[in-house]
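Here the protein sequences line up with chains L and R, keeping their order.
Terminal number for the first sequence in my numbering: 480, no gaps in between.
Terminal number for the second sequence in my numbering: 128, no gaps in between.
Hints in this document: simulated from the structure, not taken from any laboratory.
One thing to keep in mind: the hints can contain errors.
Said to hold, decoys possible - In silico DSS-like pairs for lysine-lysine, Cα to Cα no more than 30 Å straight-line:
1. R:Lys51 / L:Lys452
2. L:Lys386 / R:Lys21
3. R:Lys52 / R:Lys21
4. L:Lys452 / R:Lys2
5. L:Lys153 / L:Lys287
6. R:Lys51 / R:Lys2
7. L:Lys452 / L:Lys2
8. L:Lys452 / L:Lys386
9. L:Lys359 / L:Lys287
10. R:Lys52 / R:Lys2
11. R:Lys75 / L:Lys452
12. L:Lys2 / L:Lys21
13. R:Lys75 / R:Lys21
14. R:Lys2 / R:Lys75
15. R:Lys2 / L:Lys386
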Amino acid sequence: MKTIFEEHEAGRGTAYLPSRKVDLGAYLPAGEIREELPLPELSEVQAVRHFTGLSRRNYGVDNGFYPLGSCTMKYNPKINEDTARLAGFAQVHPYQPEATVQGALQLMWELQRDLGEITGMDAVSLQPAAGAHGELTGILIVRGYHESRGDAKRTQVIVPDSAHGTNPATAAMAGFEVVHVPSDERGGVDVEALRQLASEKTAALMLTNPNTLGVFDERIAEIAEIIHAAGGLLYYDGANLNAVLGHSRPGDMGFDIVHLNLHKTFSTPHGGGGPGAGPVGVKAHLKDFLPMPIVTMENGQFHLSYAAPHSIGQMRSFYGNFGVLVRAYTYIRALGGAGLREVADDAVLNANYVLSLIKDHFELPFDRIPKHEFVVAPPEDLVRQKGVKTLDIAKRLLDYDFHPPTVYFPLIVHEAMMIEPTETETKETLKAFADTLCQIVDEGRENPDYVKTAPHNTVVGRLDEARAVKQPRLLERLGG
Amino acid sequence: MKTPSELRYTEDHEWLRPEGKSGRIGITDFAQDQLGDVVFVELPEVGRAVKKGEAFGVVESVKSVSDVFAPITGKVVSVNQGLVDTPELVNQDPYGQGWIVELEIADDAEVQALLDAQAYAALQEGGH
Numbered sequence: 001m002k003t004i005f006e007e008h009e010a011g012r013g014t015a016y017l018p019s020r021k022v023d024l025g026a027y028l029p030a031g032e033i034r035e036e037l038p039l040p041e042l043s044e045v046q047a048v049r050h051f052t053g054l055s056r057r058n059y060g061v062d063n064g065f066y067p068l069g070s071c072t073m074k075y076n077p078k079i080n081e082d083t084a085r086l087a088g089f090a091q092v093h094p095y096q097p098e099a100t101v102q103g104a105l106q107l108m109w110e111l112q113r114d115l116g117e118i119t120g121m122d123a124v125s126l127q128p129a130a131g132a133h134g135e136l137t138g139i140l141i142v143r144g145y146h147e148s149r150g151d152a153k154r155t156q157v158i159v160p161d162s163a164h165g166t167n168p169a170t171a172a173m174a175g176f177e178v179v180h181v182p183s184d185e186r187g188g189v190d191v192e193a194l195r196q197l198a199s200e201k202t203a204a205l206m207l208t209n210p211n212t213l214g215v216f217d218e219r220i221a222e223i224a225e226i227i228h229a230a231g232g233l234l235y236y237d238g239a240n241l242n243a244v245l246g247h248s249r250p251g252d253m254g255f256d257i258v259h260l261n262l263h264k265t266f267s268t269p270h271g272g273g274g275p276g277a278g279p280v281g282v283k284a285h286l287k288d289f290l291p292m293p294i295v296t297m298e299n300g301q302f303h304l305s306y307a308a309p310h311s312i313g314q315m316r317s318f319y320g321n322f323g324v325l326v327r328a329y330t331y332i333r334a335l336g337g338a339g340l341r342e343v344a345d346d347a348v349l350n351a352n353y354v355l356s357l358i359k360d361h362f363e364l365p366f367d368r369i370p371k372h373e374f375v376v377a378p379p380e381d382l383v384r385q386k387g388v389k390t391l392d393i394a395k396r397l398l399d400y401d402f403h404p405p406t407v408y409f410p411l412i413v414h415e416a417m418m419i420e421p422t423e424t425e426t427k428e429t430l431k432a433f434a435d436t437l438c439q440i441v442d443e444g445r446e447n448p449d450y451v452k453t454a455p456h457n458t459v460v461g462r463l464d465e466a467r468a469v470k471q472p473r474l475l476e477r478l479g480g
Numbered sequence: 001m002k003t004p005s006e007l008r009y010t011e012d013h014e015w016l017r018p019e020g021k022s023g024r025i026g027i028t029d030f031a032q033d034q035l036g037d038v039v040f041v042e043l044p045e046v047g048r049a050v051k052k053g054e055a056f057g058v059v060e061s062v063k064s065v066s067d068v069f070a071p072i073t074g075k076v077v078s079v080n081q082g083l084v085d086t087p088e089l090v091n092q093d094p095y096g097q098g099w100i101v102e103l104e105i106a107d108d109a110e111v112q113a114l115l116d117a118q119a120y121a122a123l124q125e126g127g128h
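Pulled out of the complex, with its shape left as it was, chain L reads as follows (with noise of 0.2 Å):
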């Protein structure tokens, strides 16, 4: 496909300005003022047809599937666009009275005390921007609740081996020391571990569950104790929240801090670099620690409050990604509680669905009934003997037109595909992606050549995705 800039053709283009009445030398140094400016020149069709023909060659979960684990890539239902777009929404200025937008403020105090519920937390901030800016905002707590308390030993966070690489960035932005949990053989906290490393250094555990095999911890009452009998705090990250929805909360596990992923969990949109929101949760001892505003409700009035004197400060101008709130307001509200529940059902059931139909087919690290998402590798002897890795059956499933699971992650199994098919897929739309994966294993141990150089049959074959990254072409010359 030809870029915008290859496609011009002097003379095409529909824009005219009106000559010039102003004369600028009066205003701009003469260096600054030039006669051409060569944007590219198309008609009206040739650049409807060159940004639709773009959005044509997109993937997302409104064209297929999307089992990329850990990332919840869930349906988001339409509705959530049609709110989102209510003038009494999309309309309100940040700095508008707090009388004239208690409609939206409304909406954020529902928000606060929903996620608070479902959660199990006593307090809850909407204004961090994403998951990685949630976690940043939660350990920034953590560290504030310890320093209130002149305990400035403590400067290690304590993350498992199997973590969201977030984790331990964040932890290390805040100035902590990382030190590693490993995982046990069920792939879970290794309890006797942990017990070791937990002192009065210890400033918090960061933990996932279920964690990112898509095992549930059950041992966490036991991890929660050694944690807090250390002294430190207990995070929860909440990219996994989906599976266990309904069910089970963080804050009854014993977690002090919990952090949501709006986008995975709450339907709204992923990608694109976002919007996201990544709202933070914490226990009554922790509140005031929060970042400020958070919206309070007086005598059916509702305010912006920003009276916390050891708040760790803003983290987001105003509000947070307001119009994302909207949406996963609406998701609640579409759903409500039992809903809300069924949704952890059917992921569960979904991921419990695709790992039956490919178990034997595929190695499994540890054989256990998984939540909402699991992780496997691809037999030893196609790795080992046809050289057909992880990598390209992810590269073959586009040819299927299926978006590829999370490949490569958790580090500590070799190999691994992370597959999370989510609540909102059909039986038979699981069956076709189970089948294609068993199907590709069989082509690369007949073909693996053919398997090793996929995708075939989509618009680019293989990319060096590590050059487009690390040398990427950003800049296109104008006027050639």
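Model the placement of chain R on the given structure of chain L, informed by the hints.
Frame of chain L, contents of chain R only:
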């Protein structure tokens, strides 16, 4: 996992092959196996002076991005340009064509202080 006896090693899973006043550096067989398929190698500029322990290159694989640390203090004499187009050489021939950088040795004592093959092999068995 191969651990050639004529090389010196670091705890960061790199090797150094001293040859006169300079030495080639790469990552070990164990390291390349752990990283998985290498897709990109970022090389330092020739002539750059580096201190022992300084990160002066990057090896990116399908699953992670890892710094390459200078095992000794010295100056970059040459880099393996072959890795620009065929980074997979790091996987295929980690001790040969997959070398990354050649450093001029500033202090021979630093070379002597590196691990020998036996010590490095013991380190691997220790589960690192």
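Checked hints:
1. R:Lys51 / L:Lys452: Distance ~41 Å between Lys51 (chain R) and Lys452 (chain L) Cα, so the pair is violated.
2. L:Lys386 / R:Lys21: Violated, because 43 Å separates the two Cα atoms, which is more than 30 Å.
3. R:Lys52 / R:Lys21: Between Lys52 (chain R) and Lys21 (chain R) the Cα gap is close to 16 Å, so the pair holds against 30 Å.
4. L:Lys452 / R:Lys2: It holds: about 27 Å lies between the C-alpha atoms, which stays within 30 Å.
5. L:Lys153 / L:Lys287: Holds. Lys153 (chain L) to Lys287 (chain L) sits at ~23 Å (cutoff 30 Å).
6. R:Lys51 / R:Lys2: Holds, at about 28 Å.
7. L:Lys452 / L:Lys2: Holds, at about 28 Å.
8. L:Lys452 / L:Lys386: 10 Å, holds
9. L:Lys359 / L:Lys287: 45 Å, violated
10. R:Lys52 / R:Lys2: 25 Å, holds
11. R:Lys75 / L:Lys452: Outside the cut-off at roughly 40 Å; violated.
12. L:Lys2 / L:Lys21: 37 Å, violated
13. R:Lys75 / R:Lys21: With Cα atoms ~11 Å apart, Lys75 (chain R) and Lys21 (chain R) stay inside 30 Å; holds.
14. R:Lys2 / R:Lys75: The given pair, whose Cα atoms are some 28 Å apart, holds under the 30 Å limit.
15. R:Lys2 / L:Lys386: 22 Å, holds
Checked against the numbered hints given earlier, this structure breaks hints 1, 2, 9, 11, 12; the rest are met.
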